[in-house]
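Peer 1: Residue strings, one per chain:
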Amino acid sequence: MSGEEITQETVRKVARLARLAIDDERAARYAEQLGRIVGYVERLSELDLDGVEPLTHPIASSNRLEADEAGGTLSRETLEAMAPDSVDGFVRVPKVLDTGSAGG
Amino acid sequence: MDPLSASATQIRQMIASGERSAEEIARLSLDRARALQPVLNAFVDILDDEALEQARRIDARVHGGETLARLAGVPVLVKDNICVEAGRTTCGSRFLESYRSPFAASVVERLRSAGAVIIAKTNMDEFGMGSSGEHSAFGPTCNPWDTGRVPGGSSSGTAAGVAAGVAPIGLGTDTGGSIRQPASLCGLVGVRPTYGRVSRWGLVAFASSLDQIGPFARTSEDAALALSVISGHDPRDSTSAQIETPNFMTDLERGVEPLVIGVPRQAHSHSNHSSVALALDTAVEVFEGLGARIVEVDLASTDHAIAAYYLVATAEASSNLARFDGVRFGRRGEGATLDELYERSRGEGFGEEVQRRIMLGTHALSAGYADQYYATALKARRVVKEEYERAFVDRGAHAILMPTAPEPAFELGTKTDDPLSMYLEDVYTVGPALAGLPAVSFQGGFASVGEGDRERALPVGLQVIGPALGEGQLLRVVRMFERVTEHHARRPEI
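Residue numbers (the working numbering), protein chains in the order written: chain A, 1 to 104; chain B, 1001 to 1494.
Because the hints were derived from the structure by calculation, they are not lab data.
For clarity, every value in this text was computed on a predicted model and none was experimentally measured.
Glycine included, each C-beta is placed from N, C-alpha and C at the ideal position.
Careful, some of the hints might be misleading.
Claimed, not checked - Straight line, CA to CA, 25 Å or less: simulated DMTMM-like cross-link-like pairs of lysine to aspartate or glutamate:
1) Lys1379/B <-> Asp50/A
2) Lys1379/B <-> Glu53/A
3) Lys1385/B <-> Asp1371/B
4) Lys1415/B <-> Asp24/A
5) Lys1415/B <-> Asp23/A
6) Lys13/A <-> Asp1339/B
7) Lys1415/B <-> Asp1453/B
8) Lys13/A <-> Glu1348/B
9) Lys95/A <-> Glu1340/B
10) Lys13/A <-> Asp23/A
11) Lys95/A <-> Asp1339/B
12) Lys95/A <-> Asp85/A
13) Lys1415/B <-> Glu42/A
14) Lys1415/B <-> Asp1303/B
15) Lys1379/B <-> Asp1394/B
16) Lys1379/B <-> Glu46/A
17) Lys13/A <-> Glu1352/B
18) Lys1379/B <-> Asp1303/B
19) Lys1385/B <-> Asp1298/B
20) Lys95/A <-> Glu1334/B
21) Lys95/A <-> Glu1348/B
22) Lys1415/B <-> Glu32/A
23) Lys13/A <-> Asp1371/B
24) Lys95/A <-> Asp1325/B
25) Lys1385/B <-> Asp24/A
26) Lys13/A <-> Glu1334/B
27) Lys1385/B <-> Glu42/A
28) Lys1385/B <-> Glu46/A
29) Lys1379/B <-> Asp48/A
30) Lys13/A <-> Asp1325/B
Said to hold, decoys possible - So, partial list: chain A residues that the calculated Cβ filter (under 7 Å) puts toward chain B:
31) Arg19
32) Ala21
33) Tyr40
34) Arg43
35) Leu49
36) Leu55
37) Thr56
38) Leu65
39) Val93
40) Leu97
Isolated chain A, as found in the complex (with noise of 0.2 Å):
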């Protein structure tokens, strides 16, 4: 690991990446204060990590098999009721493909 700063530009990239919209004044602090964790983080480069394999999950668990059996769900009327906007059983969102005509 090297020293590595957080600049503005790189706030605004990886705001982009996890869909979230910040303004300029909180680009600024976040570039601040990541900096300054990412310095503190970068300690694990002290350790000899040579060969050790990465573990991802706290218990040695395997995969397996549940019976074949229809459950319960929730209703459409349930999940519409939820949704923020929505329209005849439809979760209604801004127009995804451009189809060229207003229509759509």
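With chain A fixed as given, assemble chain B onto it according to the hints.
Peer 2: Then chain B, alone, in the frame of chain A:
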């Protein structure tokens, strides 16, 4: 006896004997929650209907002469990242401000089947991200021992509510210390179970390989009871362990003999508050007095564990929190395109700490950095786990004893502008979380802080960490300590 200072077992007994009705006790608890809310801000929703309906069901069983379940009529508090259909499930977030879950979490079903009366959903650091209770969209929770101080976090409201005598038992969640650290700052017993012991189904995920639900209580006895109720295999959680659930109450009084306690060299090497250092030394003497052999163990990576934790947890969070897109549920921001809608929903709906952690995790996983950060952190995670295994296997320790937090409750507002200093609060709690091990924080002593009118006694917690599935052993060790000390009996004056 005041039912709100009674243990869960005593409350059940009062109801079974007809001394008090479940409804009467539920009303006392609801009233206390409501009266303390302006002072502590510990609750997101107080669930009158849910609580009174359940209490009346219990009373009907009493009148019908039925045998009562283990938590019959016992008021409990539930952290607001655990789904309950009654009331909202906000996770302390603006994003979920009006979200109502269509189902109840497995642990909630288990509580209800055991007769527990759910009194309130409790305030928390947003999505579990915080160590002070100050990162909630609904304002900070205050510590009942000194309302100018934090209760710890992220299970802030459950800790404050149980400590203030609203209920004898509450549920929290521990990703890197979010049960144990607030238990320490509020003078409670707090259990982080072995990973896989308690079902996570119905828990809003923060970091899936680390999150565990566990109980808060005022004594090891109530903690053992609550843990017995919520543990057990659940086919709906693929990480749920397929093991028998012991009754942690059965052997609680038996103690552990001969007892070997491991004390890490690193437990002394940090900038511990003097009261924490004193509590640790005193506890070592107490255990020696009980016949325990004390061995030194080496957790050399204690400092590195915190770095590994904040990379692993934030990487997982950046992925888990992708579901909050403003489309299917929760808050929606305005946008002309779908991307704009996502960005504004998340930009407006998430608080700053959540945004910081999503960004840290996204950065740690992004092209060009994933090896440097995420993969390195996972390797360090294995090193941490192996250090604990050596302490148990090579050194023969039944439990590792160390501070839960480096200091007692700090003043509100003192760390909110400095995320890194807040993260370092978790230095002693993240290791067992990375290793998936059980750990129990208990009341180890008191600190005296402030002067004159501001002089306060603050609880100081210690934790015991055990091998996988060693909760029973840990609770017996804590019970041994309680039997010869008085700290756990002292309650805040509020």
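Peer 1: Hint by hint, note whether the structure agrees.
Peer 2: Checked hints:
1. For the suggested pair Lys1379/B and Asp50/A, the alpha carbons sit about 9 Å apart, so the restraint of at most 25 Å is met.
2. Of the supplied pair hints, the one linking Lys1379/B and Glu53/A holds, its CA atoms being roughly 6 Å apart against a limit of 25 Å.
3. Using a Cα cut-off of 25 Å, the hinted pair Lys1385/B and Asp1371/B holds, with the two alpha carbons roughly 20 Å apart.
4. Taking the CA atoms of Lys1415/B and Asp24/A, the gap is near 23 Å; set against the 25 Å cutoff, the hint holds.
5. With a C-alpha separation of about 23 Å, the suggested pairing of Lys1415/B with Asp23/A holds against the 25 Å cut-off.
6. This hinted pair checks out: Lys13/A and Asp1339/B have alpha carbons roughly 14 Å apart, not beyond 25 Å.
7. Among the hinted pairs, Lys1415/B with Asp1453/B is consistent with the structure: their alpha-carbon atoms are about 24 Å apart, no more than 25 Å.
8. Between Lys13/A and Glu1348/B the alpha-carbon distance is near 18 Å, which keeps this suggested pair within the 25 Å criterion.
9. The hinted pair formed by Lys95/A and Glu1340/B meets the criterion: a straight-line CA distance of about 12 Å does not exceed 25 Å.
10. For the given pair, Lys13/A sits about 13 Å from Asp23/A by alpha-carbon distance, which is consistent with the 25 Å threshold.
11. Taking the CA atoms of Lys95/A and Asp1339/B, the gap is near 11 Å; set against the 25 Å cutoff, the hint holds.
12. Distance hint between Lys95/A and Asp85/A is fulfilled; the C-alpha atoms sit about 14 Å from each other, no more than 25 Å.
13. About 22 Å separates the Cα atoms of Lys1415/B and Glu42/A, which keeps this hinted pair within 25 Å; it holds.
14. Between Lys1415/B and Asp1303/B the alpha-carbon distance is near 20 Å, which keeps this suggested pair within the 25 Å criterion.
15. Of the supplied pair hints, the one linking Lys1379/B and Asp1394/B holds, its CA atoms being roughly 22 Å apart against a limit of 25 Å.
16. The hinted pair formed by Lys1379/B and Glu46/A meets the criterion: a straight-line CA distance of about 13 Å does not exceed 25 Å.
17. With a C-alpha separation of about 17 Å, the suggested pair Lys13/A and Glu1352/B falls inside the 25 Å cut-off, and the hint holds.
18. Using a Cα cut-off of 25 Å, the hinted pair Lys1379/B and Asp1303/B holds, with the two alpha carbons roughly 15 Å apart.
19. With a C-alpha separation of about 12 Å, the suggested pairing of Lys1385/B with Asp1298/B holds against the 25 Å cut-off.
20. Restraint check: the Cα-Cα separation between Lys95/A and Glu1334/B comes to about 13 Å, which is no more than 25 Å; the hinted pair holds.
21. For the proposed pair Lys95/A and Glu1348/B, the alpha carbon gap of about 21 Å is at most 25 Å, so the pair holds.
22. A hinted pair counts as satisfied when its Cα atoms are at most 25 Å apart, and Lys1415/B with Glu32/A qualifies at roughly 16 Å.
23. The suggested pairing of Lys13/A with Asp1371/B holds, with an alpha-carbon distance near 19 Å, which does not exceed 25 Å.
24. Pair hint Lys95/A plus Asp1325/B holds up; C-alpha atoms about 16 Å apart against a cutoff of 25 Å.
25. Proposed proximity of Lys1385/B and Asp24/A is contradicted: the alpha carbons are some 41 Å apart, above 25 Å.
26. Proposed proximity of Lys13/A and Glu1334/B is supported: the alpha carbons are some 21 Å apart, at most 25 Å.
27. Proximity of Lys1385/B to Glu42/A is assessed by CA-CA distance (about 20 Å); at most 25 Å being required, the pair is judged to hold.
28. Among the hinted pairs, Lys1385/B with Glu46/A is consistent with the structure: their alpha-carbon atoms are about 17 Å apart, no more than 25 Å.
29. The hinted pair formed by Lys1379/B and Asp48/A meets the criterion: a straight-line CA distance of about 10 Å does not exceed 25 Å.
30. Restraint check for Lys13/A and Asp1325/B: satisfied, since their Cα atoms lie roughly 19 Å apart, inside the 25 Å limit.
31. With a cut of 7 Å, the hint placing Arg19/A at the interface with chain B holds, because the nearest CB-to-CB distance is about 4 Å.
32. Annotation: interface hint on Ala21/A holds; nearest CB of chain B at approximately 3 Å, less than 7 Å.
33. Restraint check, Tyr40/A versus chain B: the minimum CB separation of about 6 Å is within 7 Å; hint holds.
34. Here the hint on Arg43/A is kept, as its CB sits about 6 Å from the closest CB of chain B, short of 7 Å.
35. The beta carbon of Leu49/A comes within 4 Å of a beta carbon in chain B, closer than 7 Å, and the hint placing it at the interface holds.
36. Of the supplied interface hints, the one on Leu55/A holds, with its beta-carbon coming within about 4 Å of a beta-carbon of chain B, less than 7 Å.
37. For Thr56/A, the interface hint holds, the least distance from its beta-carbon to any beta-carbon of chain B being 6 Å, beneath 7 Å.
38. Contact between Leu65/A and chain B, as hinted, is not supported at the beta carbon level, the nearest pair being about 11 Å apart and thus beyond 7 Å.
39. Because the smallest distance between the Cβ of Val93/A and any Cβ of chain B comes to about 6 Å, under 7 Å, the interface hint for this residue holds.
40. Interface restraint check: Leu97/A against chain B, minimum CB-CB distance 10 Å, threshold 7 Å, status violated.
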